[in-house]
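Visitor: Chain P is already provided as a structure; the job is to place chains F, D, L, S, R, C and Y on it using the hints.
Number of protein chains: 8
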Amino acid sequence: MKPKVLIIMGSDSDLPVMEETAKVLADFNIPCSMTVASAHRTPQRTASVIRDAEKKGVEVIIGAAGMAAHLPGVIASHTVLPVIGVPLDASSLNGMDALLSIVQMPPGIPVATVSIGKAGAKNAAILAAQILARKDPQLTQKLLDHRKKMAKEVEEKARKVEKKR
Amino acid sequence: MKPKVLIIMGSDSDLPVMEETAKVLADFNIPCSMTVASAHRTPQRTASVIRDAEKKGVEVIIGAAGMAAHLPGVIASHTVLPVIGVPLDASSLNGMDALLSIVQMPPGIPVATVSIGKAGAKNAAILAAQILARKDPQLTQKLLDHRKKMAKEVEEKARKVEKKR
Amino acid sequence: MKPKVLIIMGSDSDLPVMEETAKVLADFNIPCSMTVASAHRTPQRTASVIRDAEKKGVEVIIGAAGMAAHLPGVIASHTVLPVIGVPLDASSLNGMDALLSIVQMPPGIPVATVSIGKAGAKNAAILAAQILARKDPQLTQKLLDHRKKMAKEVEEKARKVEKKR
Amino acid sequence: MKPKVLIIMGSDSDLPVMEETAKVLADFNIPCSMTVASAHRTPQRTASVIRDAEKKGVEVIIGAAGMAAHLPGVIASHTVLPVIGVPLDASSLNGMDALLSIVQMPPGIPVATVSIGKAGAKNAAILAAQILARKDPQLTQKLLDHRKKMAKEVEEKARKVEKKR
Amino acid sequence: MKPKVLIIMGSDSDLPVMEETAKVLADFNIPCSMTVASAHRTPQRTASVIRDAEKKGVEVIIGAAGMAAHLPGVIASHTVLPVIGVPLDASSLNGMDALLSIVQMPPGIPVATVSIGKAGAKNAAILAAQILARKDPQLTQKLLDHRKKMAKEVEEKARKVEKKR
Amino acid sequence: MKPKVLIIMGSDSDLPVMEETAKVLADFNIPCSMTVASAHRTPQRTASVIRDAEKKGVEVIIGAAGMAAHLPGVIASHTVLPVIGVPLDASSLNGMDALLSIVQMPPGIPVATVSIGKAGAKNAAILAAQILARKDPQLTQKLLDHRKKMAKEVEEKARKVEKKR
Amino acid sequence: MKPKVLIIMGSDSDLPVMEETAKVLADFNIPCSMTVASAHRTPQRTASVIRDAEKKGVEVIIGAAGMAAHLPGVIASHTVLPVIGVPLDASSLNGMDALLSIVQMPPGIPVATVSIGKAGAKNAAILAAQILARKDPQLTQKLLDHRKKMAKEVEEKARKVEKKR
Amino acid sequence: MKPKVLIIMGSDSDLPVMEETAKVLADFNIPCSMTVASAHRTPQRTASVIRDAEKKGVEVIIGAAGMAAHLPGVIASHTVLPVIGVPLDASSLNGMDALLSIVQMPPGIPVATVSIGKAGAKNAAILAAQILARKDPQLTQKLLDHRKKMAKEVEEKARKVEKKR
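Residue numbers (our numbering), protein chains in the order written: chain P, 1 to 165; chain F, 1001 to 1165; chain D, 2001 to 2165; chain L, 3001 to 3165; chain S, 4001 to 4165; chain R, 5001 to 5165; chain C, 6001 to 6165; chain Y, 7001 to 7165.
Hints are computed from structural coordinates only; laboratory data are not their basis. Be aware that a few hints might be false.
To be verified - List time: in silico DSS-like cross-link candidates among lysine-lysine, alpha-carbon distance up to 30 Å: (1) LYS152/P with LYS1056/F; (2) LYS6135/C with LYS7135/Y; (3) LYS1164/F with LYS6149/C.
The following block holds chain P by itself, in its conformation from the complex:
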């Protein structure tokens, strides 16, 4: 199946976090592909990976990086597809460096930034689903089901906590 979402991470060491994105996309039956490209070490590759993705019909690109996390912004400079940025906690600064490097984009080139680390990796997938749902009503239904499931889980946890006391 043709990928609708492309996940680009700055290093293969980001895989354990970004697999969360892939898992959630799989839950929504959204085909995705995943690769490594570095904004700094492989600028040409980054550009060509994006061009290829556009040709193959990818509709949303997710970029994940730590430290001076330029990858999502550099991706956004090569495409007008929506780009989601996941800041990773990959230095001593707890991901604050990655967060500011991704979210504080100057006017003209947005990056849709989500939370730092695993929470953001999951949310990137859901945000991608919300974007793709613009032309896929079935996805909207899946998103509503996902909400219900999450609500149910909260209620179950509530019951356990309430019993405990």
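Guide: Chains F, D, L, S, R, C and Y alone, transformed into the frame defined by chain P:
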């Protein structure tokens, strides 16, 4: 024309910043509506404004707030539409409080966060256009034209700066 | 016994911290109930839990959450009861995200914020006792006794440290 | 009328901010008194002001200070009344120093911390009203009315913003 | 021997860090005593410990605390002896809360603040020695010897590192 | 009169802040001298200024600098006299850069750090007086008088604020 | 004369700051050229500007940008020439966003980062001179003269400040 | 072979990080020497180590330190050679103290700052190579080869990640 984007701000004092969003959306010919709702002072209104928007066919919601900026997250709790959050610099903490309150959403409910203040207000509009372009190829063309225009402006500025020396 | 205090946490993973609150309340013989509700995943549940609590005579609500910790503010948007917020250290940002999301409430809807994590969980209980003591002189006495006990503990620790040298 | 709330500020330069507290308390018809005491320059005065307040029937104390804002914590060390802390933006650090000095109280002695500056000054008054409402049902009604008034104001602002476009 | 330096810590859990201070003072043959007092839990004790110390001829007081570390400032409010503050890393905020609570003293009551944690605990002792050396030329000599010893250690380390390559 | 305190500032632009130090020292009748030396631009001058000061009988050195404020630490590397560091707010980072550069000294070479800017400039003078008072009982009396004067000022301010209401 | 240094700024609004760089380079008689290129709005232009510069014999590139300041890192991804990054204070976050975006480069592609704003703009020029001096002994002499001149200026300022008292 | 690069670290405990610098320099066949000198504990040694290095033909000096990391700035005050600063994460503040102490140099004396910790240690070596390449075309070739090698590694990692899915 039916609005495609709804801009909700936490206070009318946010209007000077959020008019930037409206202007850019107008440049892209994307019909939008704009209102005020407070996550804390009018929780019911916030919920009903979103319900109405969904019925009227709104496809992207932009929430802007300062301080403990819960509005975008609260909007996201009431809809599965993509929600874009604009952190505003409305306290002594330079918008860092709003940024963290918007971007650090727990797993399950994403908010697509953009930069603090006017830069983010503009980028929210472009991100909305990128999302709507998923089913509107004309918008993709407009986004590409906008990129070219921005590039041209940079080149003109470059010439001025180069002459100066 | 009817609960006077309701503890709401954003996730059952917050239980080990929030049990500190329950323990201290128990020390003061203040009946409390404890549940899970998410500002984002279960906005309706959050509202209904609060409505129920008000009907049952709860007088103080304690909300605890990490990351973009909207829960205490959202609770406060649904009640005029005093709401105490406990910021939890649940992301790479050491609880600074939760602290700012809870304490920086815009004018009109206060949240009584206490320290991050276990210290705050304990202090939330004592603050609740101080509030309930407004109409319960016995609680004032218990609070004074608790102060004396703490002072005594400090003096005992002082003796041990003084001997050491 | 006997004051129910005592406002203590660290310096008379804090008056323009803390008058906001007094105004909101006046709106709720809650009698208050206001004074200056310094945790560091007048430790005895701080203690005696609190003792006097307790004798006169004060039920909530609000402490406001900037920089290394010890005043609210020091007040709390002298009383078991609920103490509300308002961090002021009085140094180059934008009130972050005052916020951390007030909110991060060690276990045992809570300070109910509100937002930095004027927003916090207002919220301190509302929080005091919420605490006093524990034994004054009329105050609860006033708080509910205040909420309605705020909601109405938001709706009026919304109408203005909606017309604008 | 009569203590010249009094070390007050906010909790006995601070002992492992503050023993560094005691050790360095012992190296300089400066008699010291060590105790526990809490600015918040035992305000009277804190005041009386200081009064006693002054009577016994203590000349420098070192206060160490974490979180909203009011202890050094509260000590300084009770004496005109030089007070040295050691910020401890005792919360999720890495000691930044303690640092700002200690160093940002308002004009009139200084606290001589040293670095966070063990480095600061050692430096507090050396600073105390430098202060006491104002009237004890032998201490000046010991401080100069200590400098030489440190320089020698650096040179030895340098030789090892240089050999390594 | 021979100076007892030497004030070294990194730049003459720091004079308006550091004159506060000189004024307070003058109030205490402590003779001081004031000069400019840069840790980076004039390392030799910095060293020689300190050597001269030691010869002339200076007992406390106050160093003030902004940005990467190495001056106080560099002064401390050349003397075993007590060195007080005043962090100045001289960059966009609000003095946080200067604070951390001054206070976070590694073990072995302490700098007695006071608050950022004018408050710190005043407190540096008082701390110097407290240190010099170790061998000058008259200074202790002046410090006690100064405390009383400050307390009186607080009480006067309190009366004004109390009347206002 | 062929430029040895190329200054690239992200926007012409950065010119008032970056003219400081040009002025200092002129003082050292180092020919430079100056242009505008945006890492995000003109990624191709950025790459081609660098390629051209390399062909023309440029030896050092200085990149200046604010917010999520990717420009210096992106420049470094296109060349193995030394790249100096100047973080600009162009958002509400005081340049901290630009600083972290520039300095926290992942391993493999360094950016030589200098201080935020005008101080950094000047230092970028001096650092470029220090680099070019590697093969130009005359530049080393100019750098030494510049040091002497700065030292002299400090001494003159010192005399003025010393007289003042 | 005569060293071209001198690595100075503030303490031998920094060796495990700074060996990364030495390794990368060795990969580029750049002879280097490595020593320990403390800006504060051995100011004379620091100055003489630099003087010796200049005489022996060292062309780039790398200074690494944690906490109030004055070493790189102090090195820069003694030489007009390019000085690279590596901030180390050696306190509870995650290296933010070292970063600001190194990068925020006042105008006149630059330090070329790289990222915190190991990433910075590696980048310092590459930056040194880029500087030395100004007069050594073979080094430029090695730097280009290093880039290619890094790009290849990214591509290999990309293939592994791509296969995984």
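Visitor: Are the Cα atoms of LYS152/P and LYS1056/F separated by 30 Å or less?
Guide: holds (29 Å)
Visitor: Check the hint pairing LYS1164/F with LYS6149/C against an upper bound of 30 Å on the C-alpha distance.
Guide: holds (29 Å)
Visitor: Checking one constraint from the list: CA of LYS6135/C to CA of LYS7135/Y, max 30 Å. Satisfied?
Guide: holds (6 Å)
Every hint from the earlier list agrees with this structure, and none is contradicted.
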